[in-house]
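**Student:** Starting from the given sequences, assemble the full structure and let the hints guide the process.
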Amino acid sequence: MLKRLREHKSLQGTLLVSPALLWMIALLIIPLILVVITSFGQRDPDGNVIYGFSFDNYVRLTGTTDTCQNLGDYLNGAWQMIIGSEARTCFDPLYVQILWRSVLIAIETTALVIVMGYPLAYFVARAPIKRRSTLLFLILIPLWTNFVIRVYAWIRILRAFDILYTPGAVLIGMIYEFLPFMILPMYTSLEKIDPSLYEASADLGANSLRTFLRVTLPLSMPGVVAGTILVFVPVMGTFVVSDILGGKQFVLIGNLIQSQFLSARDPTFGSAASILLMVMTLIVMIFYTRKFGFGEEVIVG
Amino acid sequence: MFKGKRIIWKGLTALVAGSLLLAACAPAVTPAPTVAPTSTVQPTVAPKPTDVPRATDAPTKAPEASPTTAAPTATATSVPAAFTSKPSGKTTASGFACPEPQPKMAVTASDLNLLVWTEYIPQDIIDCFEAVYGIKVNRKEYSANEEMLAVMMAGSTNFDLVQPTDYAISPLLRQNKLQKLDKTKLAVMPYFDPTYLNLSFDPGNDYSVPYEAGIDAIVYNADKIKTPPTSWADLWNPDYIKADRMISLDDSRAVIGATLLILGYDVNSRDPKQLEAARAKLAELARGIKLFDSDSPKTALIAGDVDLGITWTGDAFLANRENPAIKFVYPTEGAIVWQDNYVMPADAPHPDAAYAWINYSMQPDLFWLMLRDFPYTNPNKAALEWAKASQLQIQDQNGDNVTPADLYQTYINSTVTNPPPDAVKSGHRVEDLPDVTPLYDKIWTEIKSK
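Respectively, the protein sequence lines represent chains U and Z.
The opening residue of the first sequence carries number 9 in my numbering; numbering runs sequentially from there.
The opening residue of the second sequence carries number 87 in my numbering; numbering runs sequentially from there.
No lab work stands behind these hints, which were simulated from the structure alone.
The reader is advised that the hints may include incorrect statements.
Claimed, not checked - Listed below are several chain Z residues computed to face chain U (Cβ distance under 8 Å; list not exhaustive):
hint, residue
1, Ala-230
2, Glu-233
3, Gln-261
4, Lys-376
5, Ala-389
6, Asp-391
7, Pro-520
8, Asp-521
9, Thr-523
10, Pro-524
Predicted, not measured: the structure shown is a model, and the values here were computed from it.
Idealized CB from N, CA, C, for every residue including glycine.
**Tutor:** This is how it looks when you write it as C-alpha cells:
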C-alpha cells in the first residue's frame, strides 16, 4: 500500500489536496449551489422558500415594474431616470442605483487606497532593512483589533469633525479598513526590485522621475494589481462600514443582501442579489486581470 | 528569499513583543465616558403632582400603566397581598444581593438559551439566575422582530425563550413554532396588571407572558428645537428636513405606519396605492433623517448627533436622564403602541430552565431592576409595588445611591414610562401583514437609500 503510494505521484497529489478540496466542496461549492437554487424560488408569506424556477427575483433587481410591456418601455424608463425625470414609467431605479453606488464606492476606495498606499509602501520598501520590520509592524498593528470595533472607534473621531453618518464618513471608513491590504502586496513587489536596476537607470542618464516611471512603477504593478483585487472585491460586498458609519442610510448591495436575509425575510431575493453581486465582481475582475494580469508574481513570489 | 524570511521572523518577534507591551499597558487606558454623568438621577420629564392620577377612568377600562390604582379595583385580589423577599445568600459581581427564587423550581438543565432584544435584560438578573440555579444563560440578541423571525423560521433553533413583540407572535404561531405554556408552572401570572394580559395577539395568554410595553413616538432636544413638534406631521417641517439632523427607528412597520396615519390611512394598510402615497411622503422626510437606529437610539441623541426624530419610550427616558433637554411627545395622530412578550419555541431544549427563568427573573423583588436599567412601561404590577415600598440602597447607572422607591417615584411621575391614558388609548397597534411584507420592505429599502 505504502509502496504504491510512493510510486504514484498523482495519488500523492490527490491525497494532499483532498482535505482542502473536501472543505471547499462542503463549505463553498454546495452552499453556492443552494444559493443559486434559492434565487429561482419564491417567498411565501411567512418568509419560507417555495422552490421553483422563476426569474422574478432577477427581474425585480433590474427594476422592471408591472407596467412594462416590452424591453423598449424598460429602456425608455431607464433613460427617463438618467435624464432626471421623476416619472416612473416601467422602471424602478432602486436596485440599479444601489448597485451603481456599490460599484462607485468600490472604485473610489480602491483608487484612493492606491494613491495613499503607494508612497507609504515605497517608503517602507526603500527604508534600511533593519527598520523595515518595524515599519511593517506599525502598519499591521491596527489589524490586531477586531474590524467592527475599529469601525465603532471611528464614530467618535468622525463625530468630532461633524461628518458622522454621511457618505464621506463611509468612504473614510472604507479607506481606513482596506489600506493595509493594499500596502502589503505593493510593499512586497517594491521590495523585490533589485537596487542595481536603479543604479543602471541612473548610469544610463535617467533622472529620478524617469527612473520611477520607467523602472519602479512597471516593476511594482503586480503588487498594485494584487492589492486592487484584495480591496475591490471585499468593498463591493461589505455592509458593516456603511451600516455603522453611514447611519444605515447608505445602502450598498451588501446591506441589501443582509437585509433580505434578516429584516425582509426574503432569502430568494437575497440569493438573487448575491448571485448578481458575484457575477458583477467576476466580470469586473476578468476585465481587469485580462488587462493587468493577476499580480501572480507577488502572490507566488 | 532567505533574507525575506529573516525579516518575516523579525517582524513576528516584534509583533509578539509589541503585543506583550500593549497588554501590559492596557489596564492604564480608560476610555473617556461618552457623556458626563449628571449629578442627579431624577429625570425631569413633566412631573405629575400625584402618583394616583387615574382614579377617574378606572370604572370603564382597567387603567393603563398605572399600578397605583390597583387597590380599589377588583383585580387587586389576584395580586399577592405582600410579596416577602427572602435572601438567597448569593451576590452578583456588581454586589447586588440576589433574592431567593419563589418558588425554587427543580431544574435538570445546565443551560438556558435566550433569543432576546438587545439591551433588554439587566445583567444583575442574569448573574443572579446563574448564581442561584447554577444554569448558564446563553444569549443571542436581535434589534428587529424581522431579524428574530428570520432566525426562528430557519428550522430547528435550539432556543428556550424568545421575546417577540405583539405582531411578531402570529407568524410564529402560524408556522407551529411555539408551544403552549404550562400555566401550572408559571408563578408570575398573578403579578401582572390585567391591562397587559389577554390581548388580541394571544387571547388567554396560552403562548405568551408579557415582558415590557412601550410606545414609539417623537423625541426632540429642546435646546436645539425651538418649535417643538406635537404631531407626526410636524416632523415634515422644512427646517428640520433641511437641517438633516433627525433620527428614526430602523423599523419599517412603525415609521411607515406613522406616515400612513398622517395621510389618514390605517396603520396596518395593505393597499398598494396608500402605501405608494406613504412612500412618496416618507421620501421627503428621509432627506432629513441622519440616522436609522434600533440598537441604541439614545446614544446619538445624548451625543448630540441628532436633534429630533422617532424613538421608543425606554430610550427616550434614558436619554432624558442624561440630558433633561431631551423631551418626548405623543403625537396627536396617535403613537405606535407595542408590547414585548416571552414565548417558548416548540423545540425548546430546556423548558424546565425556561419556566425557572420566567418565574425568577420576573419575580417582584428582582424585576423592579427594569426600572433602573431598561425603564419601559412595566406590566409587572407586583414588581412596581415592591419597588414602591423598598428602601434598599443600590447604585444607579451613574453610580449614585438610590432606593427602588426613588426609582418607582421617577417611573410613575414620568409621562414617558407611565404614559397618559390618552396616549395609550389613541395609540395604534401594528398587526402582522404577511402578504404585504415584501412591499413594506421595498419601501423601507428605498427610504433608507434616499
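**Student:** Need the list of violated hint numbers for this structure, in ascending order.
**Tutor:** When the structure is compared with the hints, none of them turns out to be violated.
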